[in-house]
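What follows is each chain in one-letter form.
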Amino acid sequence: MTGKVVGISGSTVYVDLKGLKLLERVYVGHRMLAGEVVRLDGERAIVQVYEDTRGLGMNEPVKAGGAPLTVRLGPGLLSGMFDGLQRPLEKLRDETGPFIRIGKDMRALDCSAVRRFVPLKRKGDEVAPGENIGFVEEGAFRHFIAAGGRSQKRLSWTADGEISLEGPVGVFEDGEIITACSEWPVRVQRPCRRRLPVSGPIVTGQRSIDFLFPLARGGTAVLPGGFGTGKTILEQSIAKLADADIVVYVGCGERGNEMAEMIEEFLDLKDHWTGRPLMERTILVVNTSNMPVAAREASIYTAVTMAEYYRDMGYHVLFLADSLSRWAEALREISSSLEEMPGEEGYPTYLASRLSSFIQRAGVVETLSGATGSLSMVLSVSPPGADFTEPVTQACLRAGGAFLMLDTSLAHKRHFPAINWFQSYSLYSKDTIEVYIEKVSARWGTLMQRCRELLQKEQTLLEVSEIVGIEGLQDADRLVMRVAGMIRTEFLAQNAYTEDAFSPPEKTCAVITRILDYYDDASGRLKQGKGLEEI
Amino acid sequence: MRLSEHRYRTISSLEGPLLFVREVFAARIGEVIRIVAPDGRELAGEVLRIEGETVLVEVYGETRGLDAESTSVIFTDALRSAPLSSELLGRTFNGSFRPIDGAPMFVPEKRSPIGGCPINPSARARPQEFIETGFSVIDGLNTLVKGQKLPVFSCAGLPSKELVAGILRNARTVSASGSGHPLLPGAEAAFVVVFCAVGVTFQEYHFYMKVLEEIRTGFVAFVNMADDPVMERLLAPRFGLTAAEFLAFGCGMDVLVVMTDMTNYCDALREISTAREELPGRRGYPGYMYSDLASLYERAGRIRGMKGSVTLLPVVTMPEDDITHPIPDLTGYITEGQLVMSRELHQMNIFPPVDVLPSLSRLMQKGIGEGRTRRDHREISNSLYRLYAKGRDLRKIEAIVGRDGMTKGDVLMLDFADAFEREFVNQGTRGRTIDETLDLGAAVLKRFQSGKA
Ligand SMILES: Nc1ncnc2c1ncn2[C@@H]1O[C@H](COP(=O)(O)OP(=O)(O)OP(=O)(O)O)[C@@H](O)[C@H]1O
Ligand SMILES: [Mg+2]
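Just so you know, the protein sequences line up as chains Y and G, in that order. Per the working numbering, the very first residue in the first sequence carries number 1; after that it's consecutive. Per the working numbering, the very first residue in the second sequence carries number 1001; after that it's consecutive.
Quick caveat, the hints were computed from the structure, so don't treat them as lab data. The reader is advised that the hints may include incorrect statements.
[Claimed, not checked] Across the chosen pairs, the derived CB separations fall in these ranges:
#1 Y:457 to G:1274: 34 to 42 angstroms
#2 G:1106 to Y:61: 34 to 42 angstroms
#3 G:1209 to Y:185: 40 to 48 angstroms
#4 G:1304 to Y:272: 23 to 31 angstroms
#5 G:1159 to Y:389: 50 to 58 angstroms
#6 Y:500 to G:1159: 36 to 44 angstroms
#7 Y:472 to G:1304: 25 to 33 angstroms
#8 Y:90 to G:1251: 51 to 59 angstroms
#9 Y:61 to G:1099: 36 to 44 angstroms
[What the hints assert, rightly or not] Only pairs whose alpha carbons sit at most 25 angstroms apart, straight line, appear in this in silico PhoX-like list of lysine-lysine:
#10 G:1408 to Y:413
#11 G:1390 to Y:457
#12 Y:457 to G:1396
#13 G:1396 to Y:413
#14 G:1408 to Y:457
#15 Y:413 to G:1307
Note that beta-carbon positions come from the ideal geometry of N, C-alpha and C, so glycine has one too.
Take these sequences, add in the hints, and give me the full structure.
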């Protein structure tokens, strides 16, 4: 099906092609710019183009793609680096040079690669949709290959040994073929047998998170903070160090240099849980701020679909996005070019519902093949002027479970991670604390409570001391301030550039125990009449 | 593609900088337009929107005197591009890339579209080569590296141009003593400067031109003065960056791009957006301002396997001294740190009046230490920060309870903050080497730490 361009406004293109479906992929112009149908309007379809449209002319041809925006799924995604439309960036670089030129369609996976297939099912076995028929090895992982289809069917053949990713790995009796690679529309959540409640903590190695505001498997953490408050460093540290099987990181509308830094580091480092190269468990999706805005909007969906794909194999997948605000702004730019009625701050009124249905893709699931997999999310938000009342932060607040607020004034004092201990919270404390109590220390819960109280007390005392001066405080109160200071600088603060970047729960517990023991000891001695200066 | 120019006299309406042309055949979005006014005056423009045969053209410059009957509109079938050649060096152009230095236009070797293409993130080299600017607050505490974009956030009336001038005069990649740097100690390499003036006054222009002429390695200037067309404020930085990319990645030079003042740029963006009747965002600035600024700032960088680099130094004047204003806010969200100037320090006669607490260089970690600057650099910088932050916090309490209500240790911190500002931050216009900066920092620290320990 082909038609032609009948109007252009920025990256919104009007085409006279009939029979298109909403969200169908189309190719626009002589350069075949990829786009997506966003509205059908009588004779015309309105297409959002994912690339720079400059130079696109009237009457240029438009071709229907027949399917919505999809990603390619299959062995070889791990350690890959893709743009928002899943074009492999390294291959793109090798073929077209260091600058990204437009109109280059490229497949995400190298399908000519040969891999070894190990069958789990054989000729004659009954297989239900979504059930694994075998796997290929992908680094340290078993990459399971599941049957598609709608109903349970009998296999007439499965491969064993070397396969090409293009060829079949299994055939049903009715002739339907199972391949190692498949496609999935990015805006559609992948199915599972049933959803399960969040389970157990994700160890991030960040004391303030693991101890005060824990993350749970299948949960969602939101990290809002003004510029320079440490969102990216925190996300990258978690991506590097957390105890996940697989990590999908999407740099959404952020800086190229920091991605280069991350890439270089990840290629260099080992996963400290398994000792394997860190890249082996990582997928990067990078759509920097100067890359096309519509592709930025798509990038989080591209990434989350890949994350779900590995979740469906029964892995614990950690999904990190930096920053969701850039996604929301892309949504706003697209919406305003479609001349939709704006809601708050110019964002479309469907911002909150889009966001919450995206966050719904996190969770623990029983997969179609009966395994348990999880997808956890860590999402940064960049509120304009560090004002947390703005729509994106507020929408995330409603949908997420842990809220780690990064504080500009802490960052200016170089207290990192700059997580504000009064305003942050985690709804997962209850789900995770038992695990820490059982595995690390029976005192975990009480320690946490006492730590919170001391910080709270310090706040009150600070207000008092602003009136009377520190010299005007009682010794017991000055001790509280001293200990709270220790908690802040020795426990909560953690420099990402030192050995201390990862703190295992045992160490976390030991540090806080030491500080609180000191407090108990010192208060005891104060009671015996010793002066604070002596202690 | 039509591969030819088409001339129309079918203007259907005129409104501010926008005109609608009817019955146009196969226009292209972004196509460069020439407009000939009834009096023969020629104007430039660009295709903004196409609906069927009706084309919306945005005119650069003054539309007064245009009419619907006899004005002709020429569609050139080309996109806006910059002429490039190594003969750019030493030249000064206006915001439309016309020479304003009296010499004739050079013969271009090639032309490149001024929007540039994004650098593939996997092709970028991580910026990590230390640039010595001669200022202790920068070199010691907010280190600049090659390929970084680091803006100066100034307030109206503060000496941002003197700071930038100092950086321009001094900027070089050097090695400190004992750093084990591939360059011999004292060996240095200087930068080629691309200067983009956006909406500047004559005084500023005059000041900067004098500085540029001193630069031995050469410069190119794109100057849009306050009374030049507003549309050219958006073009000057793009021409500048296109030239910078050519000099860097085409000719292998290290290029330092100064863009001043980005506040004028953003105001121009707002003005033009309003004229296009677009939906205004915060404070009337368009919703796409983040993406637009990113399309400029992200052009800084280095590329693996290529010589040359583009380092960016934009100047932003914070309206009402407010760092949360959309212009500094969005800039800070894109750039790799910021140097924040403070009115308070300026009033205390400290130069450069850079407040280090809100200032930041995000790429510093990889640019300092052994092999780059000096092994003790990180330690000195962290300690200076920690103590100064403490001292500054205590000043608030001092203002309420006075020094008498404070402990001896706290008073010491107050004294440290004063000494830090007067001795370390304050240096006048004389540049310091990185060794001098670090030695000085260590000396100030020593005085206070030994006193306390
Ligand atoms: N854990 C940490 N340890 C040491 N330094 C840190 C830490 N976190 C942040 N920083 C410092 O803060 C700087 C800014 O951090 P980062 O780039 O993560 O901010 P951000 O919140 O992502 O900002 P933006 O919204 O502009 O992207 C870093 O370059 C680093 O100097
Ligand atoms: Mg960031």
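Find the hints from earlier in the document that the structure breaks and name them by number, from lowest to highest. Of the numbered hints, 1, 3, 5, 7, 8, 15 do not hold.
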